[in-house]
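Undergrad: One letter stands for each residue in the lines below.
There are 6 protein chains.
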Amino acid sequence: MAKARTETVLMSEMAWPEFGQKMKTNPVVFVPCGAMEQHGPHLPLSVDAMLPTDIAREVAEEVGGIVGPTLTMGYRSYTKSGGGPHFPGTINLDGATVISIVRDVIRELVRHGARKLCFIVGHYENQWFVSEGIDQAMREVGDQGVRIMRLEYWDFCTSETLAKVFPDGFPGVALEHAAVMETSLMLHYHPEMVRIDKIPDNPGAEFPPYDMYPAHAHWVPSSGALVSAKAATREKGVLMAQQYRRDIAAAVRKEFGGGKRKAKAGGKSR
Amino acid sequence: MAKARTETVLMSEMAWPEFGQKMKTNPVVFVPCGAMEQHGPHLPLSVDAMLPTDIAREVAEEVGGIVGPTLTMGYRSYTKSGGGPHFPGTINLDGATVISIVRDVIRELVRHGARKLCFIVGHYENQWFVSEGIDQAMREVGDQGVRIMRLEYWDFCTSETLAKVFPDGFPGVALEHAAVMETSLMLHYHPEMVRIDKIPDNPGAEFPPYDMYPAHAHWVPSSGALVSAKAATREKGVLMAQQYRRDIAAAVRKEFGGGKRKAKAGGKSR
Amino acid sequence: MAKARTETVLMSEMAWPEFGQKMKTNPVVFVPCGAMEQHGPHLPLSVDAMLPTDIAREVAEEVGGIVGPTLTMGYRSYTKSGGGPHFPGTINLDGATVISIVRDVIRELVRHGARKLCFIVGHYENQWFVSEGIDQAMREVGDQGVRIMRLEYWDFCTSETLAKVFPDGFPGVALEHAAVMETSLMLHYHPEMVRIDKIPDNPGAEFPPYDMYPAHAHWVPSSGALVSAKAATREKGVLMAQQYRRDIAAAVRKEFGGGKRKAKAGGKSR
Amino acid sequence: MAKARTETVLMSEMAWPEFGQKMKTNPVVFVPCGAMEQHGPHLPLSVDAMLPTDIAREVAEEVGGIVGPTLTMGYRSYTKSGGGPHFPGTINLDGATVISIVRDVIRELVRHGARKLCFIVGHYENQWFVSEGIDQAMREVGDQGVRIMRLEYWDFCTSETLAKVFPDGFPGVALEHAAVMETSLMLHYHPEMVRIDKIPDNPGAEFPPYDMYPAHAHWVPSSGALVSAKAATREKGVLMAQQYRRDIAAAVRKEFGGGKRKAKAGGKSR
Amino acid sequence: MAKARTETVLMSEMAWPEFGQKMKTNPVVFVPCGAMEQHGPHLPLSVDAMLPTDIAREVAEEVGGIVGPTLTMGYRSYTKSGGGPHFPGTINLDGATVISIVRDVIRELVRHGARKLCFIVGHYENQWFVSEGIDQAMREVGDQGVRIMRLEYWDFCTSETLAKVFPDGFPGVALEHAAVMETSLMLHYHPEMVRIDKIPDNPGAEFPPYDMYPAHAHWVPSSGALVSAKAATREKGVLMAQQYRRDIAAAVRKEFGGGKRKAKAGGKSR
Amino acid sequence: MAKARTETVLMSEMAWPEFGQKMKTNPVVFVPCGAMEQHGPHLPLSVDAMLPTDIAREVAEEVGGIVGPTLTMGYRSYTKSGGGPHFPGTINLDGATVISIVRDVIRELVRHGARKLCFIVGHYENQWFVSEGIDQAMREVGDQGVRIMRLEYWDFCTSETLAKVFPDGFPGVALEHAAVMETSLMLHYHPEMVRIDKIPDNPGAEFPPYDMYPAHAHWVPSSGALVSAKAATREKGVLMAQQYRRDIAAAVRKEFGGGKRKAKAGGKSR
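Residue numbers (our numbering), protein chains in the order written: chain D, 256 to 525; chain S, 256 to 525; chain V, 256 to 525; chain Y, 256 to 525; chain C, 256 to 525; chain A, 256 to 525.
Source of the hints: derived by calculation from the structure; they are not laboratory data.
Keep in mind that a hint or two might mislead.
Pairs involving identical chains hold if they fit within one copy or between any two copies, as the list cannot separate such chains.
Calculated cross-link-like contacts (lysine to aspartate or glutamate; reagent style EDC-like; alpha-carbon spacing at most 20 angstroms) [as the list claims (entries may be wrong)]:
id, residue 1, residue 2
1, K419, D502
2, K485, E461
3, K485, D456
4, K485, E447
5, K509, E461
6, K419, E490
7, K453, E262
8, K279, E262
9, K485, D452
10, K509, D410
Just chain D, same shape as in the assembly:
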C-alpha cells in the first residue's frame, strides 16, 4: 500500500517531496475540469469531475505525467447540453469564477516548474471559460516557454469507436448528456456509483435553434438525460476508455515530446 501511495500520479495524494522530485522531470501536468451537475436519475452529480480525472490518471500513467487538482465545480449548465438550471443539485459557477480558478491554477503550477499542461474538460460548458482562463494565464506568466493543451475528451472518440458504441447510429454528441457514453464510462470506472435500475429510456430531446432566458424547462426530458442511456454497457466503457487513453496519450506525446511509456500499461493505479 505504501508502494501504491508513492507511485500515485495524483498530486493530491503526493507529499511535497514526491511532487517536487517529480516536477524536476518536466512532466505534463493534467488538470481535469469537471462540474457538479445533474446527470439523470442514475448517475451521481459529480460525473463530469470523475471521468476526466479517471482519463487524466490513465494518460498520466501512460506518458509519465502528473494529475493536478481536479476542478470539481464548473461553469453553469446550459439547457440544451446539460439540462439546465431547474434540476436540483447543479452548482453553477459564474464565468468569472471559473476563469479565475483556471488562471490561478496555471500560475501556481508554472511557479512550481510546470511548462507542459493539459486541461482535460469533462463538462461541455466549461470549455470557453477554461480557454479564457488559459489565455489570461498565458498573458500573466509571459515568456517562460509554457505550452498548454486543452481538450474535451469526447472529441477523441473515433468513428470506429462510435460505430461500436452506437451500432444503430449515433444520435449526435449534442444529446450525449447522462446518456450512453457517460453511463458506459461510469459503468467501467465507477460501477458502484451507477443506479442501474434508474437508467432512463426516454426519447431524445428536440431543441429549437435558439436559447431562451429564463430557460424553458419543458424542452428537457424530465429524467435529465437528453436521450436514452439504456444501451450503456461496461464493455462500451472499456472500449472508449482504452481508445481515449491511447489517442490522448498520442496527442500529448506529439505536442509535448517523448514521454516514457510505463511498463504496467492500462491498469488503474488506485
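We have chain D; now place chains S, V, Y, C and A onto it with these hints.
TA: For chains S, V, Y, C and A alone, kept in the frame of chain D given last:
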C-alpha cells in the same frame, strides 16, 4: 452497495432526485473548505481538504445533513501557519478567487432551497476569505432567511482532549501544521495516506512577531512541519474525531434546531 | 429621405422621441453581436458585425421590432473557428469585457422598458460570453418579466437551404469562416465590400481534436479562410437571407407572441 | 468601387492583408470614442459616435493613418452635460466597462504593431474613463515605446471659429449638447440624419453648481438640447470640420512626427 | 475639552453612542473627497483632503450635519490639472479603487440610517469616479429614499468673490492648482502648514488642447504650481471660506430641507 | 513652527520637494492600516487609525523613516474581535476594496522609489486583506528589490509588559477590543479623545468556537468593549508605547538594515 450509495450524505455521490428529495427536509448543508498545500514529508498535499470533508460527513450523518461540494483548493499558504510559498505543491488561490467560489456555492445552494449552511474550514488561511465570501453572498441572496455557520474545526478541541493529545503540554495551535493533530486525524481517517517512516521530528519553529514579503524560507523547518509530529497516533485521531463529531453536531443543533440523530452513530458511511 | 429616417428600425438612427414612442409598443429589441476579426483576403474585418445587423434589421422590420446597439467588437478569435490571433486586424476583447457590455446593454434597455430581447450572434466565439452576460443581467434586473432569446443565425439554416448552397455536400459549419456562407451573404448585403478577385480557393483546414496555447499558426490556411469560398454567389446569399428572415421571425413570434407583419415585407429600409 | 474600398482608412472596411500592410508603416491609429445618447428631438442617438468617426477619418486621410474601431457606446450621460438618465434611448455603460473596452482595444492594436494611437472623444462624459483605460493599458503593455494622444475634438475649436459660429456670443461649451455645434457638424456630415423641422429653440439650461443623485429631470429642457440649436447651419459645420481637420492633424504631426499629406486633401473618402 | 469632544461634527472623533444618537435626526452626512498629490513647494501633499474636510466641517456645523470619513487618497493626478505623475509624492489610486471606496462608504452610511449625503470633492480628478461610485451605490441600495449631492467646492465661488480674490483678473479655474485659491484657503485654515518662503511665482502653464500618455513633464512648471500663488493671502482665504460656508449650506438646505442653524455660527470647532 | 513642519515624518504634511529629497535616502516607508469602527462608549470611532499612525510616527522618527498615507477605513468588523456590524458607526469596506487600496499604495510608493515598506496594522480584521494586497502588489511590481514587512503592533507586546499592564492576569488578546490596552494607549497619545466617565466595566464576552451570519448581536456586551477597560491608565499607555517603539524599531532595523537613530529620541514630533 446500492444501499450505501443511496444513503450517502455526500452531494457529489447523489443523483439529482436523491438530492432534491433530501433538500425538502431543509437539512443543514455542510461545505468543507480545504486546500492543496504542503503538509510535511509524510502527509499528502490535500490533507486540508480531506479532514474537513471527513468531519463534515460525520456531523452530517449525526444531524441528518448533506455534505455539499468540498473546496479542494484554498487561499494562499502563510509562512507562519502553513510553511509558505517556497514548498513544492502548494496551490495558492487569490483571495478574490476564494471569495467568488464561496459566494457562488452559497448562491447556488440557496437556489436549491438550502437555508442552513455550515462551512467547515480545514485550512487556517481560508477563514477570512470564506468569511468575506459568506458576507458577499448574504448581501446577494437578501432576505430569504438564510443562516450560515462558519467554524475552524480545531477550535472545537476541548482542553480535556488537548490534555490527552499532548500529555507533555500543548505547543500551541499556531504550530499545529502537519503536526500531531493533523497527523493523528489522518492516521484515523486515511492511514494509507500517511508515510509513517517520513514523520518528521524537528523542533518547533520560532517566528518573530511580523511577516516578511517575500517570505523568509529559513524561518520554516525544512520538513514543512512546524513542529514534531512524532507523537501522533491513530488513537489520538479517534479521540479528536469523536469529540469534534459530538461537539460540532451539538453546536449545529443549537443554532439550527432539531436534527435527528441517526441510530447508526459514529461509523464511516463510505 | 425624412420618411426613411423616421421609419428606421435602427435605434442608432432614431432621435429619442422616436425611440421612446416605439418602446411603448413593447417591441422585441434585437442586439446584433459581432466582432472585428480577420475574414480572409476578400472580406472586411467587420463581417461578423455587419451580417447580424443586416439580419436583425430585416427581422425587426418583419416583426415590428427595434435593432439596438450592435456589438462591433467581440470575444477573442479561436484558431479552429476564426483563424486565431496571428492574423492582423482581429481585436480580441477579454471575456469579462464582453460579459460587461452585454450586461450593461440589457440593464439599460430594460430601464427603457424593453421586456423582450433577442441577441443575434454573428461571431461564433461570442455565444458563451453573450450567454454569461445575459445570465448576469437576468440576475440583476430581477423579476420584471424580462425574457431574452439568444441565437447564432447560422443555426437557422435548414437542410433544404444547405442542399442548395452546397450542391456538392456541406463541409460542415466548423469550417464556415470567411467561406461560402459568409461570402454569399456579403455579396447580397454588401457587394461593394467583397474583393471578388481575392476570394480564396484553399482546401479545408484539418484540425486535431484539441487546442494549443500559444496557437499553432500552421494549422490555419494562410488565407484565413478555413475552406474555399469560391462557390459563393449573391443568389445563395439571397436564398439564405430570405430563409433566415422567415424562420427567425417565426421563432421570435413564437416566443414573444403576436408581432405585426408590416405591409412592405422583405425590403431593406436603408 | 474596388478602388475606394482598398483605399479606405477605416479598419472595419479593410481585409486583413490590407490592414497588415498598412501597419508596417507605423501609422497613427485613431480610435473614435462615442456613445448612444439622447441628442434632442432632431438628432439621432448615435451623434457622439458618428462625429468623432468622421473627424478621425478626415485626419487619418490627412496624416496617412488608420481609423480603428469606433466605440459606439460610452460612459453614462450626466444631467448637466448630456441631459441625463431620464431620456429614452441613452445607453449608459458602467465606468468599468468603458475602461475595459479601451484597455482591450489598446492591447490588441499594440499587439498588431501600433505604437502611435490617438483617441478622439466625441462624448464629453467619456474622457475620464477613456483616460483611465489608457493608463491601465500603458501599465500593461509596458515599455514598447507606445505613445497615446487623447483629445476631445471641440477643444480644438479656435476663438476665430467660435466668433463665426456664434456671432452673437458663445453660450459656453457646457451647454453645447445637441446644440449649434453638433447640429451644424451633423448638417455637414450627415444631413439626412437631421430632422430639420424638429430643431429645438429652447432657452439655455441653468444649472446649480452641484449634482444630485437621483438626477433632477426638471433641470433639463424637455427637448434634451441644453440650449437652442436654431442657429445651426451646414456652412458652420463645414467651417468647424475644416478647422478641426487642419489643427488636429497638425497636433498629431507635432507629437507623432512626419505623416505624409495626401494630395487629395479634405474630401470625404466614403 | 470634554465639551468640545462631545460636540464634534466629525464622525471619526465620535464614540458610537454619539454617532448613533445623532443619526436619529436624519442629518446630512458629508464625505470630503481628497487626495495625496503634489501641491507645489509650499503646500503639503494632503491639501486636497484638508480643505474639503474643513469646508465640510463648517457646513455641517451650519446645517446640523455630520462629517463622515474623509477620502485621504484620490484618483490619479492629471498633468493639466494637477501636474501629473512625475512629481514625487502623488499617490494615484486606480479608478476602480476610488469607485469601490465611494460605493462601500455609501452602502455603510445608508446601513447606519443616512438618507442625505453630500460628497464634497476637493481634488478635481476625483469627480467622475466619485460620481460613478455614487451611481453604483444607488443601484445597490435600491429604493430606500437615499438622495446624494456631489459638488466640487470651487464651483461655488461667486463672481463677486472672484473679483476680490483676483483684482487683476482670474486666470481661470483650470490653472488653480496650488495657486492663489488653495494657498489662501490653507493660509486661513492651516497657516502652519504653508511654507511661505517657498510660495512660487512662476508664470501660468500653457497646455495644448490634448493629453499625452506618457505625460510630457515639460508642459508643467517645475514648481508644480500651474500659475503663480504669490497673491495668496489669509484674508482671501477667509473670504472664500465664508462664502463657501454660506452658499454650500444654502444649497444643502434647499435640496435636503430644514437644517437648524446653530447659534454659534462660523467658528472652527476643533 | 516652520522647523517642526519641515522635520515632519508624515508624508501628508510634506511638500513634494521634501518628500522627494527624503526618498533619496531609501527610507523605510510605514503605512498605518486602521479602520473606522466602534470602540466602546469611551473611545472615538477612529482609534484603529490613530494608534498605528502614532506608533508608525515614533518608529519612523527612531529609524529615519517616513509615514505614508494612513488607511483610515478598513476591512469589516468581526463580531468576536470588533463587536460586529450592529453597532452604529462602523464602516465596513469590502475585502476587495481593502486589497485594492493596499495594492495601489504600494505600487505608487514603489514608483516614487520606496524599496522598504512596513505596514503597521491597527485593526485586527485588516491583516489578511492587507496581506493579500501586499501579495498582489509584489506580483505587479516584479523584481525591483522591494521588501515589505507587515505587523500587528500588539504582537510586539512582551510578556514583561503584559505582566505590568495586567497584574491580575491577561484575559487574552482576543478580547482586547476597546479594552485596557487600546484605552491606555489612547490615554497616552490622545487623552482629549477619551470619555473617561464612559469607560465600561462589563465582564468579558464569552464566544462559542464558531461564527454566525447574520451575526448574533447578543454575543457582544452592549457597551461594545469585549471586556472591562477600567484598569486602563496613561502610564500603561506610555509603557506599551515605549516598548513598541523600541522593539518595532529593532525589528525594522534587523530586516531593513542600518537606520540612523536620531538624537532626539522618543518625543512626539507633532
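Undergrad: Taking the hints in turn, state whether each one holds.
TA: Each hint, compared with the structure:
no., hint, result
1, K419 to D502, "within (17 angstroms within a copy, 37 angstroms between copies)"
2, K485 to E461, "within (18 angstroms within a copy, 34 angstroms between copies)"
3, K485 to D456, "within (6 angstroms within a copy, 46 angstroms between copies)"
4, K485 to E447, "within (17 angstroms within a copy, 38 angstroms between copies)"
5, K509 to E461, "between (39 angstroms within a copy, 16 angstroms between copies)"
6, K419 to E490, "within (10 angstroms within a copy, 42 angstroms between copies)"
7, K453 to E262, "between (37 angstroms within a copy, 16 angstroms between copies)"
8, K279 to E262, "within (16 angstroms within a copy, 44 angstroms between copies)"
9, K485 to D452, "within (10 angstroms within a copy, 49 angstroms between copies)"
10, K509 to D410, "within (17 angstroms within a copy, 34 angstroms between copies)"
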